[in-house]
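Please build the complete structure, drawing on both the sequences and the hints.
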Amino acid sequence: MSAASPQRLKAPWQQEYDAWKLRRLDDLEVVDCLGRWAVREKAGLEDSKAALLVLVGALTDGRTVVLTVESGQRESKESWGVVLRDLRARGLKPWRCTVADGHLGIWAALAEQQPMAAEQRCWNLKLLNVLDAMPKTHQAEAKALLTAMPSAETQTECERLRDPCSRRDRGLAPKAVERGHADWERLVTCSRVPRAHWRHLRTTVGKRYKRIDSATALIWKVWQVAEGRHQPE
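In the working numbering, the protein residues as written are 374 to 606.
Treat the hints with caution; some may be incorrect.
[What the hints assert, rightly or not] DSS-like mimics (lysine-lysine), calculated; alpha carbons at most 27 Å apart, straight line: (1) LYS466 - LYS509; (2) LYS509 - LYS394; (3) LYS422 - LYS394; (4) LYS509 - LYS450; (5) LYS548 - LYS422; (6) LYS516 - LYS548; (7) LYS383 - LYS394; (8) LYS383 - LYS422; (9) LYS466 - LYS450; (10) LYS509 - LYS548.
It should be emphasised that the hints constitute simulated quantities derived from the structure, not laboratory data.
Remember, it's a predicted structure, so these values are computed and weren't measured experimentally.
Encoded structure:
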């Protein structure tokens, strides 16, 4: 393959992407909850905090659609603010709930632009952080207990599952218990929204891929996964 071949292949993809990210969003049903993707593979980006900021919307009819894919700083309020303003300029209506990791700049941007939207922490990342603080010899048992919590029917039931684990592990892994209780109210937001949308709120939309050198290729891989046309590696 010649050196010019990748550029020749990339050209039509770039045109499709440019047209896609200018499309109007007025015709979408009201978005009830928004899923966040922050793809952390470097994909040729030199800054370790650089990422693809990807927002996936869950519509009132149960469908999910990719709303935007933009490069930026995952912890930057300004980067996420640009993304949110662009969506609003293209006609997207305010949504009810946002799912995201706890350290992203999207929260500060949302506080300014959509202060009434509910906030839901990503359960998957929370459980991984808790397990990381557990001794390795106890992680398998702890995982079996912890993974039942996101599927609890009510906040009360979720806390009933959490509390015995906390009492058992307080002496063994106090940091894990502390992490499990931190930001708790934002973990159980889903119990206060319609049941039909729990499947979007109780998961993470993040995917991990092998290293990909082309940022454009990664953009389209993420989009195709969300649209059901590609399986992650």
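Here is how each hint holds up against the structure:
With a C-alpha separation of about 45 Å, the suggested pairing of LYS466 with LYS509 is violated against the 27 Å cut-off. For the hint linking LYS509 to LYS394, the alpha-carbon distance of about 44 Å lies beyond 27 Å, and the restraint is violated. A hinted pair counts as satisfied when its Cα atoms are at most 27 Å apart, and LYS422 with LYS394 qualifies at roughly 23 Å. For a cut-off of 27 Å, the pair hint linking LYS509 to LYS450 is broken: about 36 Å separates their Cα positions.
A C-alpha spacing of about 26 Å is found between LYS548 and LYS422, which places the hinted pair at or below 27 Å, so the restraint holds. Taken as a hint, the LYS516 and LYS548 pair is honoured in the structure, with Cα atoms around 16 Å apart against an allowance of 27 Å. A distance of roughly 16 Å separates the Cα atoms of LYS383 and LYS394; the hinted pair therefore holds under the 27 Å criterion. Using a Cα cut-off of 27 Å, the hinted pair LYS383 and LYS422 holds, with the two alpha carbons roughly 25 Å apart.
The suggested pairing of LYS466 with LYS450 holds, with an alpha-carbon distance near 20 Å, which does not exceed 27 Å. A hinted pair counts as satisfied when its Cα atoms are at most 27 Å apart, and LYS509 with LYS548 qualifies at roughly 14 Å.
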